[in-house]
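Residue-level listing of the chains:
There are 2 protein chains.
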Amino acid sequence: MSFPTDLEIAQQAPIKHIREIAEKIGIARDDLEYYGKYKAKIPLSYLKEDKIKKAKLILVTAINPTPAGEGKTTVSVGLCDGLNKIGENALAVLREPSLGPVFGIKGGAAGGGYAQVIPMVDINLHFTGDFAAIEKANNLLSALIDNNLQSKSRSLGLDPRTITWKRVMDMNDRALRHIVVGIGGAQSGIPREEGFNITPASEVMAILCLSKDFKDLKERLGNIFIGYTWSKKPVYARDLNAQGAMAILLRDAIKPNLVQTLEGNPAILHGGPFANIAQGTNTIIATKMGLSLADYVVTEAGFGADLGAEKFLHIKCHYGDLKPDAYVIVATVRALRYHGGAVLKAQYDVADLQSVQKGMANLLKHIENARKLGLQPIVAINHFASDSQEELQFIEEACAAVGVRALVADEFTQGGEGMKDLAREVVRCAKECGNDFKPLYSVEDSLEHKIETIAKEIYGAEGVNYSQKAKTQLKTIEELGFDKLPVCMAKTQKSLSDDEKKIGRPENFKVTVREFEFAAGAGFIIPILGDMMRMPGLPAIPAAELMDIDDFGVITGLS
Amino acid sequence: MSFPTDLEIAQQAPIKHIREIAEKIGIARDDLEYYGKYKAKIPLSYLKEDKIKKAKLILVTAINPTPAGEGKTTVSVGLCDGLNKIGENALAVLREPSLGPVFGIKGGAAGGGYAQVIPMVDINLHFTGDFAAIEKANNLLSALIDNNLQSKSRSLGLDPRTITWKRVMDMNDRALRHIVVGIGGAQSGIPREEGFNITPASEVMAILCLSKDFKDLKERLGNIFIGYTWSKKPVYARDLNAQGAMAILLRDAIKPNLVQTLEGNPAILHGGPFANIAQGTNTIIATKMGLSLADYVVTEAGFGADLGAEKFLHIKCHYGDLKPDAYVIVATVRALRYHGGAVLKAQYDVADLQSVQKGMANLLKHIENARKLGLQPIVAINHFASDSQEELQFIEEACAAVGVRALVADEFTQGGEGMKDLAREVVRCAKECGNDFKPLYSVEDSLEHKIETIAKEIYGAEGVNYSQKAKTQLKTIEELGFDKLPVCMAKTQKSLSDDEKKIGRPENFKVTVREFEFAAGAGFIIPILGDMMRMPGLPAIPAAELMDIDDFGVITGLS
Numbered sequence: 032m033s034f035p036t037d038l039e040i041a042q043q044a045p046i047k048h049i050r051e052i053a054e055k056i057g058i059a060r061d062d063l064e065y066y067g068k069y070k071a072k073i074p075l076s077y078l079k080e081d082k083i084k085k086a087k088l089i090l091v092t093a094i095n096p097t098p099a100g101e102g103k104t105t106v107s108v109g110l111c112d113g114l115n116k117i118g119e120n121a122l123a124v125l126r127e128p129s130l131g132p133v134f135g136i137k138g139g140a141a142g143g144g145y146a147q148v149i150p151m152v153d154i155n156l157h158f159t160g161d162f163a164a165i166e167k168a169n170n171l172l173s174a175l176i177d178n179n180l181q182s183k184s185r186s187l188g189l190d191p192r193t194i195t196w197k198r199v200m201d202m203n204d205r206a207l208r209h210i211v212v213g214i215g216g217a218q219s220g221i222p223r224e225e226g227f228n229i230t231p232a233s234e235v236m237a238i239l240c241l242s243k244d245f246k247d248l249k250e251r252l253g254n255i256f257i258g259y260t261w262s263k264k265p266v267y268a269r270d271l272n273a274q275g276a277m278a279i280l281l282r283d284a285i286k287p288n289l290v291q292t293l294e295g296n297p298a299i300l301h302g303g304p305f306a307n308i309a310q311g312t313n314t315i316i317a318t319k320m321g322l323s324l325a326d327y328v329v330t331e332a333g334f335g336a337d338l339g340a341e342k343f344l345h346i347k348c349h350y351g352d353l354k355p356d357a358y359v360i361v362a363t364v365r366a367l368r369y370h371g372g373a374v375l376k377a378q379y380d381v382a383d384l385q386s387v388q389k390g391m392a393n394l395l396k397h398i399e400n401a402r403k404l405g406l407q408p409i410v411a412i413n414h415f416a417s418d419s420q421e422e423l424q425f426i427e428e429a430c431a432a433v434g435v436r437a438l439v440a441d442e443f444t445q446g447g448e449g450m451k452d453l454a455r456e457v458v459r460c461a462k463e464c465g466n467d468f469k470p471l472y473s474v475e476d477s478l479e480h481k482i483e484t485i486a487k488e489i490y491g492a493e494g495v496n497y498s499q500k501a502k503t504q505l506k507t508i509e510e511l512g513f514d515k516l517p518v519c520m521a522k523t524q525k526s527l528s529d530d531e532k533k534i535g536r537p538e539n540f541k542v543t544v545r546e547f548e549f550a551a552g553a554g555f556i557i558p559i560l561g562d563m564m565r566m567p568g569l570p571a572i573p574a575a576e577l578m579d580i581d582d583f584g585v586i587t588g589l590s
Numbered sequence: 032m033s034f035p036t037d038l039e040i041a042q043q044a045p046i047k048h049i050r051e052i053a054e055k056i057g058i059a060r061d062d063l064e065y066y067g068k069y070k071a072k073i074p075l076s077y078l079k080e081d082k083i084k085k086a087k088l089i090l091v092t093a094i095n096p097t098p099a100g101e102g103k104t105t106v107s108v109g110l111c112d113g114l115n116k117i118g119e120n121a122l123a124v125l126r127e128p129s130l131g132p133v134f135g136i137k138g139g140a141a142g143g144g145y146a147q148v149i150p151m152v153d154i155n156l157h158f159t160g161d162f163a164a165i166e167k168a169n170n171l172l173s174a175l176i177d178n179n180l181q182s183k184s185r186s187l188g189l190d191p192r193t194i195t196w197k198r199v200m201d202m203n204d205r206a207l208r209h210i211v212v213g214i215g216g217a218q219s220g221i222p223r224e225e226g227f228n229i230t231p232a233s234e235v236m237a238i239l240c241l242s243k244d245f246k247d248l249k250e251r252l253g254n255i256f257i258g259y260t261w262s263k264k265p266v267y268a269r270d271l272n273a274q275g276a277m278a279i280l281l282r283d284a285i286k287p288n289l290v291q292t293l294e295g296n297p298a299i300l301h302g303g304p305f306a307n308i309a310q311g312t313n314t315i316i317a318t319k320m321g322l323s324l325a326d327y328v329v330t331e332a333g334f335g336a337d338l339g340a341e342k343f344l345h346i347k348c349h350y351g352d353l354k355p356d357a358y359v360i361v362a363t364v365r366a367l368r369y370h371g372g373a374v375l376k377a378q379y380d381v382a383d384l385q386s387v388q389k390g391m392a393n394l395l396k397h398i399e400n401a402r403k404l405g406l407q408p409i410v411a412i413n414h415f416a417s418d419s420q421e422e423l424q425f426i427e428e429a430c431a432a433v434g435v436r437a438l439v440a441d442e443f444t445q446g447g448e449g450m451k452d453l454a455r456e457v458v459r460c461a462k463e464c465g466n467d468f469k470p471l472y473s474v475e476d477s478l479e480h481k482i483e484t485i486a487k488e489i490y491g492a493e494g495v496n497y498s499q500k501a502k503t504q505l506k507t508i509e510e511l512g513f514d515k516l517p518v519c520m521a522k523t524q525k526s527l528s529d530d531e532k533k534i535g536r537p538e539n540f541k542v543t544v545r546e547f548e549f550a551a552g553a554g555f556i557i558p559i560l561g562d563m564m565r566m567p568g569l570p571a572i573p574a575a576e577l578m579d580i581d582d583f584g585v586i587t588g589l590s
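Just so you know, the sequences run in chain order A and B. Every number in my numbering is 31 more than the matching position in the first sequence, counting from 1. Every number in my numbering is 31 more than the matching position in the second sequence, counting from 1.
Among the clues, some could well be false.
Any copy, or any two copies together, can satisfy a pair, since identical chains are not distinguished.
To be verified - In silico lysine-lysine, DSS-like type, Cα no more than 30 angstroms apart, as pairs:
1) K84 x K500
2) K183 x K376
3) K68 x K243
4) K533 x K500
5) K502 x K462
6) K84 x K403
7) K487 x K183
8) K85 x K55
9) K68 x K82
10) K541 x K85
11) K79 x K47
12) K82 x K243
13) K79 x K68
14) K502 x K263
Don't read these hints as lab results, they were simulated from the structure.
Could you put the whole structure together from the sequences, leaning on the hints where they help?
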């Protein structure tokens with residue numbers, strides 16, 4: 032009998048009414064805003080500053096992943112279940128998945144195996160409508176922009192060639208990447224180049240995830256940069272009075288969503304920004320809500336620690352006044368094989384101690400980095416069937432040699448039961464390791480200094496090159512007064528460097544900033560170090576073609 | 032003190048938990064799928080065929096409206112409240128409003144004055160996500176089409192110039208009317224002309240509103256016509272295996288939404304197709320759900336009776352096996368003034384008996400039409416402050432002269448209390464009038480015969496002209512085998528004719544079919560008799576600019 036699919040496991044799981052989950056964490060059932068029986072929004076009144084300071088925040092990050100990913104989400108969900116299994120009051124706080132990829136290659140997922148959040152189908156489809164709301168807020172601003180271009184009496188004099196704000200749609204749809212809008216005559220707008228990004232790439236998503244409350248949300252929305260007037264003056268969303276209506280559209284989306292793990296433990300899913308051109312982690316409000324409701328909050332940051340954790344710490348912790356109390360680096364034996372030179376799937380999927388030994392350098396660099404940031408890491412070896420005892424033992428010993436505990440995480444096949452050891456170590460470290468995050472840079476530093484610091488300290492680069500375009504943009508950013516914002520590095524997740532072929536622990540390299548973008552509303556500058564995909568396409572055989580729903584509403588083909 | 036705005040009335044109304052509303056109509060509280068405290072989806076298991084046949088269906092329609100509309104929705108809501116006030120078990124079943132226009136001129140609305148459905152803000156924003164789901168299902172098909180154009184190995188050989196399927200967005204956004212997609216090189220699709228319609232104009236909306244169950248839904252989705260291959264063969268959504276995934280996206284949208292009137296009576300809002308290029312009335316499932324749960328269901332059809340009621344009867348009743356038991360024509364004194372020649376707002380807003388006497392011809396024609404369809408109408412004079420006693424008396428007498436009762440409807444300022452007389456008459460007529468709808472045409476008739484029948488019998492035209500283009504399309508429709516479908520006339524709502532300047536009861540005119548469209552999935556042919564707007568624009572000062580939300584989530588500027 033083969034191992035069941037994620038959808039099969041999710042559909043067969045006994046699921047509790049969400050009010051039971053809420054009661055576990057002290058939410059009165061009548062305070063919840065239900066979305067069906069298994070999803071609910073938590074009112075913002077449950078945010079408690081005193082409780083936030085006392086609860087423990089556990090950040091789950093990873094080494095540089097293989098293309099398939101190393102299972103941060105399953106480890107996070109499993110760790111939450113493991114913590115509950117050893118008697119702690121723990122809650123997972125994670126991102127909401129994007130709808131677009133569901134119809135492409137991936138099918139659906141919210142964790143995997145026996146470490147999932149449910150109801151799986153709902154979470155992968157419209158969930159509680161947050162992405163749709165973000166999409167609408169984003170596209171309302173676009174409609175207001177084009178309407179202003181069309182306006183005679185109230186024109187801001189926007190130069191359409193300079194508009195950087197794009198529409199979004201939560202769909203893998205490559206034909207929308209580059210389009211021309213406003214054709215068809217005088218009644219139908221001003222022709223201009225435009226494009227759609229996928230919704231997680233919307234700055235509105237990044238903003239929602241960094242906002243503290245409605246006031247902060249409106250201020251950030253108003254600060255969105257749109258483009259320049261013909262006389263080269265910057266234009267912001269506030270110049271169109273867009274922020275009020277955009278915030279109205281986000282009235283419910285700002286509230287965190289409560290669901291449950293397969294083991295009936297609470298999980299909050301809220302927000303899902305891209306991990307390359309944005310911060311790649313759930314909302315600040317959700318993290319604080321989790322800390323208000325539980326003693327331990329397990330959360331994750333997208334991609335490897337060089338991107339996800341770095342941004343989590345320098346952007347999210349900066350704006351949210353947060354500090355992790357424990358820091359878990361997920362590694363897999365197969366990814367270490369990959370970093371040791373076994374780069375083809377057929378190679379890294381079979382035991383290969385030598386490659387693991389060589390690839391260990393990648394994990395060791397991430398351990399070093401953690402310590403530079405004031406954090407003592409724990410390594411979670413996310414277990415796969417192909418792992419050999421020798422390989423696992425080597426990793427444990429190599430970690431021990433640098434004073435770090437590495438523990439096997441077996442959440443995929445065993446759920447929380449396979450995570451008890453890791454959970455105990457996390458509890459110990461959260462209390463005893465003395466973690467005290469110290470940023471590597473101050474936002475007041477120059478932009479070049481901030482970028483150089485990350486490149487040298489985190490990536491291990493010797494320095495930073497700037498393209499001619501980037502040099503010019505540096506000046507513009509200073510002129511606009513945005514150089515004192517945190518930076519949100521956009522580079523490949525596959526390598527510590529900006530070249531995905533440089534596996535392991537690359538040395539003697541420089542990274543190149545090709546160009547800059549800035550998210551004036553969200554509040555960060557984006558140095559672009561590679562080609563960033565903002566709108567995926569569908570594959571030759573889209574997953575959508577294999578999906579069906581029967582007369583009783585039962586869905587097949589979602590995984 | 033001025034009369035409060037709709038939003039003020041709605042926000043000040045005491046609102047009951049939706050479970051209390053559900054209990055009134057026999058829905059167990061645990062069977063509801065809650066969306067917050069004041070909205071819920073009703074599971075399809077509450078559809079009861081035996082009950083549907085016994086309950087009374089009341090169709091609210093209208094004379095040809097002034098540009099401001101004559102208040103069918105307020106009359107429908109008020110009539111539901113009035114019926115409950117006289118001790119009947121009644122429920123309103125209406126359309127969901129579209130989000131796009133909220134940010135344009137209209138602000139929000141779901142009824143008006145003291146005849147509204149609430150929660151008003153929710154209903155006007157994302158509500159329960161139905162429109163977002165329809166949008167996604169529509170746009171998934173678009174993505175699959177463009178993906179197939181890009182495909183080498185699995186190409187259907189679609190000729191991109193023939194594709195009639197468009198993307199949709201629920202936004203007033205004129206710059207999206209005519210666009211070019213797929214530019215930017217070989218990785219980003221095949222360049223082609225494209226456009227966005229507003230979501231209510233999506234054929235997926237029309238399909239959802241005519242589907243009986245998931246099986247029917249999938250079949251209709253699969254039947255959507257996309258375009259032709261290079262070798263001129265028709266291509267349907269089923270050729271892309273799109274219907275399963277599209278139906279999955281509509282899994283929750285297919286379930287009717289329960290809300291309440293200001294007076295705490297149940298109302299179902301479900302679906303909202305355009306009234307010109309589509310059928311303009313809520314889902315068949317919602318109407319049947321209403322009939323399953325109450326003794327009286329008040330529903331409405333968009334625009335005047337020449338469009339809305341005609342389509343309700345020939346399309347919705349045809350597919351849904353429904354017949355109205357009472358038929359209410361909403362007239363206003365101001366609209367009769369308008370039809371009598373007082374065409375400017377400054378004219379039709381003041382008492383003017385002579386114009387009313389002249390304009391009465393419009394109402395009399397709609398009364399005649401009802402009788403042709405086997406229905407005995409009741410006239411509801413939707414009361415405005417400017418109505419004079421003489422005018423009201425004239426209308427009542429003129430109706431009495433043709434054997435029809437006309438009653439003043441005072442729901443806007445008085446709610447159900449102002450609707451008791453009308454409610455009593457509706458109850459009487461539903462039992463005693465012997466209403467027995469007989470279609471004017473059989474779907475098996477030729478397409479020309481069906482169109483001619485509607486034009487002559489309902490509009491009062493002498494005949495139908497066809498443009499050269501329409502004549503060619505007639506042949507195509509026959510070749511494709513779609514000529515045995517009902518017709519969905521698309522013409523101006525302002526006149527019984529196809530010329531909006533022909534007020535009153537036009538005579539000696541012909542109508543012209545300029546072209547045809549067909550909705551092979553929804554199941555109707557659309558003869559186009561004028562310019563049909565499918566994507567509105569924003570006005571010079573969009574309502575969005577005046578909207579705000581405070582720190583407690585309280586919204587202003589929505590009406």
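Structure-based check of all given hints:
Neither within a single protomer nor between protomers do K84 and K500 lie at most 30 angstroms apart by alpha-carbon distance, with minima of 44 angstroms and 72 angstroms respectively. Proximity of K183 to K376 under the C-alpha cut-off of 30 angstroms is restricted to the inter-copy arrangement: shortest distance 26 angstroms between copies versus 59 angstroms within a copy. Taking CA atoms no more than 30 angstroms apart as the test, K68 paired with K243 passes in both settings, with 28 angstroms inside one copy and 24 angstroms between copies. For a Cα distance limit of 30 angstroms, the shortest separation of K533 from K500 inside one copy, 25 angstroms, qualifies, whereas the shortest one across copies, 62 angstroms, does not.
In this assembly of identical chains, K502 and K462 lie within 30 angstroms of each other by CA distance neither inside one copy nor across copies; the values are 45 angstroms within and 81 angstroms between. Proximity of K84 to K403 under the C-alpha cut-off of 30 angstroms is restricted to the intra-copy arrangement: shortest distance 23 angstroms within a copy versus 74 angstroms between copies. Taking identical chains as interchangeable, the C-alpha atoms of K487 and K183 are never at most 30 angstroms apart, the minima being 51 angstroms within one chain and 45 angstroms between chains. In this homomeric assembly, K85 and K55 come within 30 angstroms of each other (Cα to Cα) only inside a single copy, at 19 angstroms, whereas the closest approach across copies is 46 angstroms.
For a Cα distance limit of 30 angstroms, the shortest separation of K68 from K82 qualifies both inside one copy, at 28 angstroms, and across copies, at 27 angstroms. Within a single copy, K541 and K85 get their C-alpha atoms no closer than 41 angstroms, and across copies no closer than 79 angstroms, so neither meets the 30 angstroms cut-off. With identical chains, the CA atoms of K79 and K47 are at most 30 angstroms apart both within one copy (26 angstroms) and between copies (29 angstroms). In the homo-oligomer, the alpha carbons of K82 and K243 lie at most 30 angstroms apart inside one protomer (16 angstroms), although the nearest pairing across protomers, at 51 angstroms, exceeds that limit.
For a Cα distance limit of 30 angstroms, the shortest separation of K79 from K68 qualifies both inside one copy, at 26 angstroms, and across copies, at 23 angstroms. In this homomeric assembly, K502 and K263 come within 30 angstroms of each other (Cα to Cα) only inside a single copy, at 19 angstroms, whereas the closest approach across copies is 54 angstroms.
Going down the numbered hints, you'll see the structure goes against 1, 5, 7 and 10, while the others check out.
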